[in-house]
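Asker: This is what each chain is made of:
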Amino acid sequence: MSTSNVSSAPSMDEIRAVSPALARYTTEGLVGEVWARPELSTRDRCIVTVAALVAKAQTTLQRAYFEKALDNGVTPGELSEIVTHLAFYTGWGNALAAVAPLKAVFDARGVDQDALPAASPTLLPLDEVNESKRATTVQGLFREVAPGVVKYTTDFLFRDLWLRPGLAPRDRSLVTVSALTATTQVAQITFHLNRAMDNGLTKAEASEVFTHIAFYTGWPAVMSALPVVKDVFASRT
Amino acid sequence: MSTSNVSSAPSMDEIRAVSPALARYTTEGLVGEVWARPELSTRDRCIVTVAALVAKAQTTLQRAYFEKALDNGVTPGELSEIVTHLAFYTGWGNALAAVAPLKAVFDARGVDQDALPAASPTLLPLDEVNESKRATTVQGLFREVAPGVVKYTTDFLFRDLWLRPGLAPRDRSLVTVSALTATTQVAQITFHLNRAMDNGLTKAEASEVFTHIAFYTGWPAVMSALPVVKDVFASRT
Amino acid sequence: MSTSNVSSAPSMDEIRAVSPALARYTTEGLVGEVWARPELSTRDRCIVTVAALVAKAQTTLQRAYFEKALDNGVTPGELSEIVTHLAFYTGWGNALAAVAPLKAVFDARGVDQDALPAASPTLLPLDEVNESKRATTVQGLFREVAPGVVKYTTDFLFRDLWLRPGLAPRDRSLVTVSALTATTQVAQITFHLNRAMDNGLTKAEASEVFTHIAFYTGWPAVMSALPVVKDVFASRT
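Chains as they are written, first to last, in our numbering: chain A, 1 to 237; chain B, 1 to 237; chain C, 1 to 237.
Because the hints were derived from the structure by calculation, they are not lab data.
Some clues are possibly wrong.
In silico BS3-like links for lysine-lysine, alpha-carbon gap of 27 Å or less [as the list claims (entries may be wrong)]:
| no. | chain 1 | residue 1 | chain 2 | residue 2 |
| --- | --- | --- | --- | --- |
| 1 | C | Lys-151 | B | Lys-230 |
| 2 | A | Lys-151 | C | Lys-203 |
| 3 | C | Lys-203 | B | Lys-203 |
| 4 | B | Lys-151 | A | Lys-230 |
| 5 | C | Lys-68 | C | Lys-203 |
Could you build all of it, start to finish, from the sequences and the hints given here?
Answerer: Dropping the structure here:
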């Protein structure tokens, strides 16, 4: 696996060669207007976009957006954590497919392992009350059906992955909500959007996440998510 | 990005080398029988197939089916519009992934930009009554939740993309229904299948769309769509 | 299409170069712990994993897992049938995308066509009673809506594909359930999980399928499937 094997995004000239309209929508609409809206920072837009691209395994665009993320305040360590987080939330194959594009970016910028979160860092403190509540709910539902899923949800996810300090809880939730939207896992947006907002994502930012991600997931995925988002917003007022 | 980077579909010999059965189902079943059914034109089958392949980002097969589409009456301009349309309905990454295969086909056939719809053509006339009804519904549902989504649904989709003359409204709806089926966005099939039939897709054609696309989306996606299709058909009799 | 065109999985060093944590979760968690659990054989875990990778069209990992499957008791003929089966259950493009990686493995191991199931073998005997029940249900639901789908569901799937002797009915159902989970086609898990258990998949094995596949589909897909699994288990006690 060498850098040259990482496929690259089409250039604007290449896009124009198959669709002048798509080139226009990209430059004037998506880049010129949507990315410039003040409701969500460019950094957060990069996180949302990267999460959508990993969730959809769209490797062709990943290198360009990993670069853009680094240029806009996302750290190499945060990108490393985002890919790792999405192994659990979108599948191992999605995370492993992102390794080549991300390694190409890290190699080109001289990012070495010292800049990345350790395999086993000191974890953030656990919110025992809420975690106990979550675990009790999931155990009540599925202990008999799939004890292995219940066990690893606790051991690997909520008492390990979610407590890794390399990505702020608010950003981890932002990644999760973005991935759930991109994969139309609508039911689970309730829990994770609430968690995102508990951890500091404002309502205005949350709203704009869905405006932004519509372009990367397609409109239907967002139209499927909005009724759930509406309920979450209503439940918090 | 050169033509040689576009991966190509496996040959029949290559398919046979891993599964003589898959080769038989392809030649006798899919190509020999399904594609030959009179209920839907070969041109429409090409549009449905291309939409499914872009919706699923299956770039390996796209070049072959773009070629097949051009050989069966789909114009370069229509292919250009289909890819652009699907940027909004399946995500930017899906459209951009289709650029390389489509450019390879256009380059090989000498299709240049003069043959493609302009970036900003004169738009088709707007059906103000129906568009006003649609906009009111969506605003009522989501104006508070995601004003950005509501705005761009109107500005970019229904007052721009859908009015581009390079793809007939009936074909644009056919592309949309195919993409919704391929991505199991079942709830939105109601609106778009009705729109397709309002714009001239017959019930027999609509029915055959789901027969055809089952082979490209897999059976489960179609079995999930059929209850909604049944309701649409029932509501129109 | 040559073997050298088949992209390969990232090495553990390459994974570590972008995320020491992902490397640790892979070696200690997924490989060291989950794959070693006694509730499901390594052979079955390979079948589940291969089905998930084909269902998600994750070609980068397919070669490695086809190899692992052959090393753990899955025969070349069974892999051939799994890919063919998934053409119908996840779409032709998914099966055709698996041709290159599988052919690379077969070429490297000298597997030729004599080792593969014939295109038209003598089929397993049909369970007329159950098939008649299934056909009557589907006809009642969709005969008017999509007669073509109804016809091919019978002709290609239940009176042909499902009766091919190259993959045991229990394994064919295991592949189907895995693919349905990977594509979040939750409603259809009821029929196929029951069929899998009728054909010999134990409850303990079924439960562990969902523990295992969570790592390859991501947690949300499994959390969406578990309520249906719970109902199936409850209905059989």
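Asker: Would you mind marking each hint as holding or not holding in the structure?
Answerer: Results of checking the hints against the structure:
1. Among the hinted pairs, C/Lys-151 with B/Lys-230 is consistent with the structure: their alpha-carbon atoms are about 17 Å apart, no more than 27 Å.
2. Note on A/Lys-151 and C/Lys-203: the hinted pairing holds, with a Cα-Cα distance of about 18 Å set against a maximum of 27 Å.
3. This hinted pair does not check out: C/Lys-203 and B/Lys-203 have alpha carbons roughly 44 Å apart, beyond 27 Å.
4. Only pairs whose Cα atoms come within 27 Å are accepted, and B/Lys-151 paired with A/Lys-230 is accepted, the gap being roughly 17 Å.
5. The suggested pairing of C/Lys-68 with C/Lys-203 holds, with an alpha-carbon distance near 25 Å, which does not exceed 27 Å.
Going through the hint list in order, the structure does not satisfy hint 3, though it satisfies all others.
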